[in-house]
Each structure stands twice: as C-alpha cells, then as structure tokens.
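Undergrad: One letter stands for each residue in the lines below.
There are 2 protein chains.
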Amino acid sequence: MRHTLSVHVENKSGVLMRITSLFVRRGFNIESLAVGPTERPDVSRVTMRIDCSQHSLEQIEKQMHKLVNVLRVSELGPGEAIERELLLVKVTAPPDRRAELMSLGDVFHARVIDLGPDALIFEVVGTPEELESFEELVRPHGIKELVRTGRIGLGRASAKPDAGRRLALIR
Amino acid sequence: MRHTLSVHVENKSGVLMRITSLFVRRGFNIESLAVGPTERPDVSRVTMRIDCSQHSLEQIEKQMHKLVNVLRVSELGPGEAIERELLLVKVTAPPDRRAELMSLGDVFHARVIDLGPDALIFEVVGTPEELESFEELVRPHGIKELVRTGRIGLGRASAKPDAGRRLALIR
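As given, the protein sequences belong to chains A and B, one line each in that order.
Take 6 as the starting number for the first sequence in the working numbering and just add one per residue.
Take 6 as the starting number for the second sequence in the working numbering and just add one per residue.
In isolation and in its complexed conformation, chain A is listed as follows (with noise of 0.2 Å):
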C-alpha cells in the first residue's frame, strides 16, 4: 500500500540522511522525495512516497519520532489532503509537429517554457496521475528527457490547519 509522508524538520546537515536511512535499513524503496522551504527559513518539509504495509509504516513513525532534527510527522491521506506535482519534458518537435503538440498541452493546461529548432519543453502541474497521461500522450512524439519533483501535498482548505492522521508531534 502506497503512502505520503510529511515530514517537518530542522534545517540541518544530516537529517535527510537519518531518515533515509530508516526506509533502506528496512529496504523500503522511496519512490519519491521533495525537500523543500516551508514558511519557517529554519524547518524544512519533505515529502515522501514510500510503498509498504500499515504495520511497517507504524514501527517506521516510531522510529522517526527519535531522530534528532525531526519536528513532525504526518500522513496526507487520500481524501484529506491535495496533492501536486510539477514535470518538466523536453519532446522532440520539429516545426511541422509543434501545433499539434501545442494543443495537447492545451488540454493539460501544460505551459511551453522554451522552443528550440527541433524541440520544445513543456511545464505541466496536475495530480502525478494526470502527468503520467501527459506523459503517455507526448510519448509517441519523442521525449528527449524528462524530470518530476515527486508529489507535494497540504491538507484540505476546508479541514482544519492540520488536515491528514497526525503521526507526531514533537515539540
């Protein structure tokens, strides 16, 4: 079963790795990782993919809860929270084929960053289920390269400022 981790934590050298650790100690894959700001210059929020049972994700909570620099912990369930993910490709489109490639993005709300002679980049925010049709429907044409940010996600408006299972709260 696939879970969302967010974790706030102090901006120091070293807490990426403890927690990392935690997921390969028990070789948990982490399908995606974002480490970004948050409104605090001294915390910083990562969020996380993982793939693994309740139980695992449970004795994982409690082991994070001791790691020095770890401020919080919650789960952004499903329905609770919103998430986002940002995908950059560059697909092959030489001048005869940029209109039609033009409109598909049209319909993904998916913006051109940048225009070379035989390619293009296009920028696309949406859930990572709508970048993977994106990217199903660009594929044909050539992507050249492509990148994503692995999702982010904040509790609902309309839920309260905390939305998602709090897992822990440390100080």
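Quick caveat, the hints were computed from the structure, so don't treat them as lab data.
You may find that some hints are simply not true.
No distinction is drawn between identical chains; accordingly, a pair holds when it is met within one copy or between any pair of copies.
[Stated by the list, open to error] When the alpha-carbon atoms are kept at most 20 Å apart in a straight line, the in silico EDC-like pairs for lysine to aspartate or glutamate are as follows:
1. Lys149 with Asp47
2. Lys149 with Glu80
3. Lys17 with Asp47
4. Lys17 with Glu44
Chain B: place on chain A using the hints.
TA: Leaving out everything else, chain B in the frame of chain A:
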C-alpha cells in the same frame, strides 16, 4: 557558491542514502532535493541544490562516480538550463479578502486549487526567485501552511540534448 546538480540513478533502495551521506560527511547542507521518475521506469532523477565551492563540488563529483547505482551526474548551469519549482500555499482568506488575494494570484499565474470558508490554497510554478516574491506578497494575509518541491531543471531545448556541464558518464 550555489550549484544545481542533476543525478540519474538506478531505482534501487539505498542509492539516495549513499548520495546524501556524501554531503553529510563533508558537512554540506542540501538546500533542496527533488527525486522523481524519468522517461525510463528503472531510472530516477535526483535534482539537488547545494552551497559549496567549485573545488568541493569537483571532489564530491569524483566520489559520486564511485557510488553503486549512480548512472550520470551533470551540473545545471544557470544560463544553460531552465529551472522551475512548485509551491503550494494555504493562505488565510475570509470572504472579504478573497477577491484581493485572487488578483495577486493572477499576476503570478497562480491557480486556486482549494477554497474553504476562511482559507484557500494556491498552486504556483516559477523560478525559485519568483516563488519567493509570491510568498512575500501573500505573507501579510497570513500563511497557514506552505510546501515547496525544490527546484528541477532541464537543459534548454535550443541546446544539445544533454545541456549542462556533464560531470560524469558512468555507463
């Protein structure tokens, strides 16, 4: 000096920990990190932002060469690559403030992706600098929660397929 590194890795447990520990051992903090899928299902792409000297970067690059499951390391140079980041921000928005906030959002092509009785969530894509400007602009309204993906990038469409200084080609 800040650098953006793009690292292609085999999608195996442990590779991320090996990369992050390289930086930890040298006491470098990773400012942002994004790990997501690529055009190949067995390969992930790690984009990281670090603050270190050119000399240290070259040292780290040499060590990365030796890591298991690391396929390719390149630096995304500021002029050669297009960099983007995704921000989700939940802002206090009572009904009488909504219109004003949405006008701010329009300027940055921000989309409202959720709306509650007293808050809304913006989704914004841009360069990391643009996201910081947007953050400052909505801050006076009250930021309830904020999450960013960390930057990702691709070599320009007008450049060669693998723009960016290639640091290592392992296979």
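Undergrad: Quick one: Lys149 to Glu80, C-alpha cut-off 20 Å, is that within a copy, between copies, both, or neither?
TA: Between copies only: 18 Å across, 35 Å inside.
Undergrad: Could you place Lys17 and Asp47 in one of the four classes (within, between, both, neither) given a Cα distance threshold of 20 Å?
TA: Intra 8 Å, inter 31 Å, cutoff 20 Å: intra-copy only.
Undergrad: Indicate which option fits the pair Lys17, Glu44 if close means a Cα-Cα distance not exceeding 20 Å: within, between, both or neither.
TA: Close inside one copy (16 Å), not across copies (32 Å); limit 20 Å.
Undergrad: Is it within, between, both or neither when you check Lys149 against Asp47 at 20 Å Cα-Cα?
TA: Classified as between: cross-chain Cα gap 16 Å, same-chain 37 Å, threshold 20 Å.
Against the hints set out earlier in the document, no violation occurs for any number.
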